[in-house]
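Start from chain X and add chain W according to the hints.
What follows is the residue order along each chain.
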Amino acid sequence: MSADLNVVGQSVGRSDGIGHVTGRTRYYGDRTFPGMLHLKMVRSPVHHARITGIDLSEAERVPGFVRALTAADVPHNLYTILSLIGVEPEEEFVLAEDRVRFKGEAIVAIVAESEAAALEAVSKVRLELEELPAVFDVEEALKPGAPIVTSWGNNTFMFEGHPCRRVRLGDVERAFEQADYIVEGVYNTSPIEHAPLETTGCIAVPEANGRFTVYTNTQALYFSLDNTAIILQVPGSRLHFVGGTVGGGFGGKVDVIVEPVATLAAMKTGRPVRYSYSRSEEMQVSSTRSAWRIFLRDGVLRDGRIIARKVTSYADSGAYSRQTPYALTKHAANAAGPYAIPNVSIDAYCVYTNRQPTSAMRGFGVTMASFAIEVQMDKIAERVGVDPWTIRFINAYHDGDMKPHRKLVEDATLIETMQAAAALVGHDLPDDLKAMTSAPRDAGRAGGRD
Amino acid sequence: MGSTIVTFELGGREVEVLVKPMTTLQSVLRDQLGFTATKEGCRQGGCGSCTVLVDGEPMPSCLLPVEDVAGRRVTTLESITPVDGLHPIQRAFLEGNAFQCGYCTPGMVMVSKALLDRDPAPSDDDIAQALAGNVCRCTGYRPIIRAVRAAAEAIAGSPEGKAR
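Line order of the protein sequences matches chains X and W. Numbering follows this note's numbering, with no gaps: position 215 of the first sequence is 215. Plus 450 on top of the position in the second sequence (first one is 1) and you've got this note's numbering.
Isolated chain X, as found in the complex:
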């Protein structure tokens, strides 16, 4: 290691540490501005409905009411966060138009002089809704006759013309015929709310030079700025986003939900506008981790080698896709696990339902794959009659192995990590496992195995 390194190998105090322990760190909500207005949202009380009328007349009479915003006020109301990386189609509404697709969907934004006035006006907005049948399960959503959540006739996100993200290596069906055992499993995970201590929010402030400064706790500052510019149809140069101080995120603050509406309200009123989620909005409206259902079917030889793996996964995206297609892609790339399996087939579906939208959360589709795979590995070990350590060493990938999505394994450390883990927990591995390394199986020959 070079002697002129200043930081590597040393413990360095956090630059925000003193601010955190003294309370001087300024979270977005610690700021206040003269004349600041408060924005609260009228939300759908049902899971799925056609909107046939919105009556603001009583709300407008609440003392302190300043104005309401509806879909008609949003310059580019239909969007998708991931359009910035080329994902289509735009399918989420900033404010609902003729239909609401989940309980809690934003319909009318109320801007008022105080939070109390905003809440009172929200309670006075009369919605006329024609309730529609709803679907809450990924497999139910794919059945013929299921209520359709999207605007394109089925409940799947399309990946380059396919209803699922697909990965293919070798020939799984033929390998299943050669296998000594077939091991199957179904794995379900629950939606999980990130529940950050600081709820999602921002303050948008009009500046004298015609720009808007947005103080936000987003985890994705430029993503939020760019999406806000698209939604409001203004050049990005009119927006100045100030962030970096996030009171807990875990993936829950990457969805670009509050900034566009708050900035629009600041534009329409010419005053600073604060839009903060209440705790119940954070829990019931903000994105969660997706619920997943993962089907695994593995072909295994008597000696423990897995020769085929078929994966069919369904992620419940909720009413809109947000970051879930990206999670599906990561999931599909990792659904074979850190194991060398010569025949793999993966179909990973992003399914729309009438649940709260889902999005990023720590691990982004990979965590659920790992949960399913590692439970499955234990099942395989039991079936073959070897211990759970051995089955993983037998199948661990080595440098030079081919992953199902056609990436050669580089810098593999699974075997060395397992050896270190065994030592840490005091598990004495057999000598042959202790002697293994992640080095290529056979010098000069990449991929495959005997």
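Hints are computed from structural coordinates only; laboratory data are not their basis. Virtual Cβ for every residue (Gly too), placed ideally from N, Cα, C. Be careful, since some hints might not be right.
Stated by the list, open to error - Simulated coverage check for chain W against chain X, where a stretch passes if three residues somewhere in it have a Cβ under 8 angstroms from a Cβ of chain X:
1) 479 to 489
2) 494 to 507
3) 526 to 533
4) 539 to 545
5) 551 to 564
6) 577 to 588
Showing chain W alone in chain X's frame:
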């Protein structure tokens, strides 16, 4: 009902505020007085991020009508931060990395202050009990418990601690 004037002690100074009925201490501290170290994580008494001390006892300021603290002594994180340096609890949190996002930290420090004022040598169980009303989503709590223990030791070893 009209507004009333409420007087209380905040960090050693007398403050006087004009409030509508049922205005919370949290709102007075943050919105009227600009004391924003006191956080607002849930505004329903469930997370502990708004904890302040009232006559030395930890209380969720989001559920406390400010009229209830009239004539009483309120201590916030701002009040215990020395002009120079840090309070031993703050130093222990800093050195022990007892936070990540920092949003729960003010509440955690205030609860710890109340605990150590009452019991200078708490067990880890005592510390966990004291922190039971404070949620942290980042650390998993262990660094916080270690920091409170380290703070107790630091205070005990200080001239002030030895004098007790």
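Each hint, compared with the structure:
Note: the region 479 to 489 of chain W has 7 residues with beta-carbon separation from chain X under 8 angstroms; the three-residue rule is met and the coverage holds. Look at the region 494 to 507 of chain W against chain X: 4 of its residues bring a Cβ nearer than 8 angstroms to a Cβ of that chain, three or more, so the hint holds. Counting residues of the region 526 to 533 of chain W whose beta-carbon sits less than 8 angstroms from any beta-carbon of chain X gives 4, enough to reach three: the coverage restraint holds. For a cut-off of 8 angstroms, the count of residues in the region 539 to 545 of chain W with a CB near a CB of chain X stands at 4, and the three-residue condition holds.
Remark: the region 551 to 564 of chain W is confirmed as covered by chain X, as 7 of its residues place a Cβ nearer than 8 angstroms to a Cβ of that chain, reaching the required three. Using a Cβ-Cβ cut-off of 8 angstroms, 4 residues of the region 577 to 588 of chain W lie near chain X, which meets the minimum of three, so the contact claim holds.
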